[in-house]
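Chain A is fixed; fit chain B onto it per the hints.
Chains A and B are the protein sequences, given in the same order. Each residue of the first sequence is one higher than the last, beginning at 1 in this note's numbering. Each residue of the second sequence is one higher than the last, beginning at 192 in this note's numbering.
Just so you know, the hints here were simulated from the structure itself, not pulled from any lab data. A few of these clues could be false.
Unchecked claim - Selected chain A positions facing chain B (Cβ under 8 Å, derived; list incomplete): (1) Gln36; (2) Thr66; (3) Leu135; (4) Ile142; (5) Val157.
Stated by the list, open to error - If you want the footprint, here are the derived chain B segments under chain A, 3+ residues with CB under 8 Å: (6) 212 to 225; (7) 280 to 292.
To be verified - Label-pair restraints from in silico Cβ distances: (8) A:Glu143 - B:Gly272: 15 to 21 Å; (9) B:Ile305 - A:His57: 16 to 22 Å; (10) A:Ala132 - B:Gln237: 31 to 37 Å; (11) A:Asp173 - B:Pro242: 52 to 58 Å; (12) A:Arg127 - B:Thr207: 49 to 55 Å; (13) A:Pro111 - B:Ala236: 44 to 50 Å; (14) B:Ser213 - A:Glu87: 38 to 44 Å; (15) B:Pro242 - A:His57: 34 to 40 Å; (16) B:Pro242 - A:Arg116: 36 to 42 Å.
Just so you know, even glycine gets a beta-carbon here, dropped at the ideal spot from N, CA and C.
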Amino acid sequence: MSNKIYGDFDFVPDVLVPEAQLALTLSPSELTAHWQRCGLLSDFVAGYISTVYSGDHRDAMSSIDTAISTVFQELIENAAKFSRKREAQINVRIKHFSRVLMLEVENGTTPAFAQRFEEYLRAMQERADLDAVYLQILEAKIENAAAAQRSGIGLLVLRKDHAVRVGVRFSEDEQGRPTVTVRAFQTLEGV
Amino acid sequence: MEVRETEAVVRFSPETATVYFSGALRLANVKAYDNVAKLLHAAAAQVGEQPLVLDFKELKFLNSSGITALSLFVVGARKAGKPQLKLVGSKATAWQQKSLANFQMLWKEVPLVIE
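Chain B extracted, bound-state conformation:
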């Protein structure tokens, strides 16, 4: 399962229960992230009781509309109590160290791993 945008690819691997983000997600507004949101919800439905990993290591940019769209997903999962989430980022990308912790603020039990 994959969403391709002009500068980015978002791919779900059922084998690793991981959504891989790569490239630059700088879409025009929150609505423009609908396809990404649909992929996340479909991935959530597939992983069942397993944690769903959101791997941002290869994502160079995420704009504030993208942060909002992903935040809505995180809060939705928190309210539903599932899926459990795990966030993975990279030390090498400036925004990840600073902004991935924001998702954790929305759901404190979500582990954040910066590699």
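Isolated chain A (complex conformation):
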């Protein structure tokens, strides 16, 4: 299968050299078994990047720190929940380019989830009014108890409320199993 790309996956060209970068490899089970690790990771990533802004006004730095942690939390939670349970890895790559931050989370997943996620992205792509999509998803949850148990609004909230550019790549690993890579590009000005 060739790669399929949705959204702003290549918003920042891969050849650009970041001012700071960070990579982590995790297993989904270590996150699902100890869920608090997701929050710890989010706060760590946020602190690692936002310390650059410690010379700015204290409130501005705190705001950047909270904003990064909020965005990374949604990405790492999705990877923890929707990875294949066995032999899957979660690869995190963070690149900080001046005022733009790229948060990338890649995980191996099941064909069923990859298909469902792709359908969700296609539906989002076709709708310009994100508030309307948000309302539609939440109202549907009232009518459907099973759907209510899944959030399904994480990436939508990032785009809608946090002005984050989101891109997703679907590819396959060497064994032909689906891999999902989500990138969030966050502008760290006026967050």
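Positioned in the frame of chain A, the structure of chain B alone reads:
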């Protein structure tokens, strides 16, 4: 009445008819918010005709599962016509300015105060 999670406390004060959220609510899924939802429903039953205030000022984080769980409560109250709700947030916390308005989208008559 209080719910304590690893990183957060949710407390209902009958005296002020207010549910105070503090800390970081980043639970694993919507189901994990059942205790919070139970507290909200119990608080709703106690306030009667008074508005129930949801005070998020001290809540640093709320993940999308939490937004979903709270949205279900807001829509449930809207459909039941009670309790009346009032939302209070803080300018100092980035997500509150951006995302609390989402609850208001679900029930337009709910006042939102950002302090």
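Against the range 31 to 37 Å, how does the distance between the Cβ atoms of alanine 132 of chain A and glutamine 237 of chain B compare: consistent or not? holds, 35 Å
Just to be sure I understand the hint, the distance between the Cβ atoms of aspartate 173 of chain A and proline 242 of chain B should be within 52 to 58 Å; is that true here? Check passed, 54 Å falls within 52 to 58 Å.
Within 44 to 50 Å: is that where the Cβ-Cβ distance between proline 111 of chain A and alanine 236 of chain B falls? holds, 46 Å
Using 8 Å as the Cβ threshold, decide whether valine 157 of chain A counts as touching chain B. With a minimum Cβ separation of about 6 Å from chain B (threshold 8 Å), the hint on valine 157 of chain A holds.
Does threonine 66 of chain A hold up as a contact with chain B if the rule is Cβ-Cβ below 8 Å? holds, 5 Å
Given the hint of 36 to 42 Å, is the C-beta distance from proline 242 of chain B to arginine 116 of chain A inside that range or not? holds, 40 Å
Proximity test - 8 Å, beta-carbon atoms, the segment 212 to 225 of chain B to chain A, at least three hits: Check passed, 7 qualifying residues.
Would you say the C-beta atoms of arginine 127 of chain A and threonine 207 of chain B sit inside 49 to 55 Å of each other? violated, 41 Å
Could one say that the CB atoms of isoleucine 305 of chain B and histidine 57 of chain A fall in the range 16 to 22 Å? holds, 19 Å
Can you let me know if the beta-carbon spacing of glutamate 143 of chain A and glycine 272 of chain B is within 15 to 21 Å? About 18 Å separates the Cβ atoms of glutamate 143 of chain A and glycine 272 of chain B, which means 15 to 21 Å holds.
Between the segment 280 to 292 of chain B and chain A, are there enough contacts, at least three residues with CB-CB distance under 8 Å, for the coverage claim to hold? Per the Cβ count (6), the hint holds.
Have a go at the leucine 135 of chain A hint: is there a Cβ in chain B nearer than 8 Å to its own Cβ? holds, 6 Å
This entry does not satisfy hint 12, going by the numbered hints stated previously; all others are met.
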